[in-house]
Amino acid sequence: MVALFSYLNHRFLRLPSTIGLLLIGLAASTAVLVLGRFMPGVQAVAVSLVGQIDFDQALMDGFLGFLLFAGALHVDLEDLSEQKGVIALLATIGLIVSTVVVGVSIWWILDLLGLGIPFLLCLLFGALISPTDPIAVLSVLSRLGVPKSLETKIAGESLFNDGVAVVLFLAVAGAAGLGSGHGAHDGLSGVVGLFIVETLGGAAFGLAAGYLTYRMMRSVEDREVEILLSLALVAGGYALARTLGISGPIAMVVAGLFIGNHGRRLAMGPAVRGYLDTFWTLADEILNAVLFVLIGLELLLIPFDGSRILAGLLAIPIVLAARFVAVGLPVISLRRLREFTPHAVKVLTWGGLRGGISVALALSLKSTLGRENPQAYEVILDMTYIVVVFSIAVQGLTMRPVLQRLGLSGAGSAS
Numbered sequence: 026m027v028a029l030f031s032y033l034n035h036r037f038l039r040l041p042s043t044i045g046l047l048l049i050g051l052a053a054s055t056a057v058l059v060l061g062r063f064m065p066g067v068q069a070v071a072v073s074l075v076g077q078i079d080f081d082q083a084l085m086d087g088f089l090g091f092l093l094f095a096g097a098l099h100v101d102l103e104d105l106s107e108q109k110g111v112i113a114l115l116a117t118i119g120l121i122v123s124t125v126v127v128g129v130s131i132w133w134i135l136d137l138l139g140l141g142i143p144f145l146l147c148l149l150f151g152a153l154i155s156p157t158d159p160i161a162v163l164s165v166l167s168r169l170g171v172p173k174s175l176e177t178k179i180a181g182e183s184l185f186n187d188g189v190a191v192v193l194f195l196a197v198a199g200a201a202g203l204g205s206g207h208g209a210h211d212g213l214s215g216v217v218g219l220f221i222v223e224t225l226g227g228a229a230f231g232l233a234a235g236y237l238t239y240r241m242m243r244s245v246e247d248r249e250v251e252i253l254l255s256l257a258l259v260a261g262g263y264a265l266a267r268t269l270g271i272s273g274p275i276a277m278v279v280a281g282l283f284i285g286n287h288g289r290r291l292a293m294g295p296a297v298r299g300y301l302d303t304f305w306t307l308a309d310e311i312l313n314a315v316l317f318v319l320i321g322l323e324l325l326l327i328p329f330d331g332s333r334i335l336a337g338l339l340a341i342p343i344v345l346a347a348r349f350v351a352v353g354l355p356v357i358s359l360r361r362l363r364e365f366t367p368h369a370v371k372v373l374t375w376g377g378l379r380g381g382i383s384v385a386l387a388l389s390l391k392s393t394l395g396r397e398n399p400q401a402y403e404v405i406l407d408m409t410y411i412v413v414v415f416s417i418a419v420q421g422l423t424m425r426p427v428l429q430r431l432g433l434s435g436a437g438s439a440s
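Here the sequence shown stands for residues 26 to 440, numbered as in my numbering.
No false leads were mixed into what you were given.
Computed list of lysine to any residue pairs in SDA-like fashion (alpha-carbon distance at most 25 Å, straight line):
#	residue 1	residue 2
1	LYS371	ALA346
2	LYS391	ASP86
3	LYS391	PRO328
4	LYS173	ASP302
Between beta-carbon pairs, the in silico distance windows are:
#	residue 1	residue 2	range
5	ARG430	ARG62	36 to 44 Å
6	ARG62	SER332	17 to 25 Å
7	LEU338	ALA229	41 to 49 Å
8	LEU253	ALA83	21 to 29 Å
9	ASP136	LEU362	35 to 43 Å
10	LEU256	ARG290	15 to 23 Å
11	ALA28	ALA233	32 to 40 Å
12	MET26	PRO426	25 to 33 Å
13	ALA28	LEU253	21 to 29 Å
14	VAL59	GLY218	47 to 55 Å
In short, the hints are calculated from the structure, not lab data. Fair warning: this is a prediction, and the values are worked out from it, not measured in the lab. Backbone N, C-alpha and C fix where the C-beta goes; we use that ideal spot for every residue, glycine too.
Put together the whole structure using the sequences plus the hints.
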């Protein structure tokens, strides 16, 4: 299906791959749902096939480590270091601010719509919808002429904030009594302890694993061996990090940055470097294609109704407004210390795409919230899916005209 959808997109739609595949996946799912009104057997077969795929497990335990490593592999560490203060604020304080703004606003909106759910569950939605998705962001940024410093801010934030977001999500889930907080329900000290173990532990583990792999790569000059070492670093390193109870996503980002910078310069010859880049670029594109087709097909499994659709549509401006506030506060606080690209807040707001990670976190609630409070689970799932689809299809598709209107497209290395 991914091959067929990719062919149709390239041949007829000519949209950016991730956006085109998502839209074709949504169109295919919609066609099945419409056809199912006349031929219920067709819909039943399609739902059964898609239902066999555990999206949460496929992304969080499968694709994510590879996609984050591939994304970090091509980020310049010097550029990232220059923006470290902004990135750190956006990925931490900005994420918390967005979570609170979304949670409070959604709690009020749902109450007006007669879909009221507990406040902590509204905060849980805020936690899962606030992180920008590195997979969606990097796939769109790669095609745009965004000023270099601004591209580094967006890419760097998206690479790091998903790991922080998972910790925040677990903390709120634990406080809500959903049994998935892993100690996050033990008060503020538990949340702080979880944050330190997950994030700092993940970063330290990623650095150690990346250094070990770098030393092994430096002792050989063989493209097959070095590609296998990079694969082992991601597959084995991510699984081991998860087993140790530390952040696998952050570990893979740090490992990817280390191999992509020190490893690329000091452990590889030009030929091996070219093969490694080609391999990981291809792996990234293939996994991205599969992921976004899956997001489109998930439409078959999500129970919609009129009131929940309205809640999802109202959640779109709320999430964007929360993003504007979460980005604006760090930028304003640092503006006296450094210069920012003109319209930085606008671009960071519109370019903060949501993606598969938000959907996966929402679906991970099925075994807990879905059993204890099915209505709340369906409300959260519907709102998440609608916001994610809007984010990728509308924001992603309009990024280029927005940048052109602001005079930033093709601006190269503007400060």
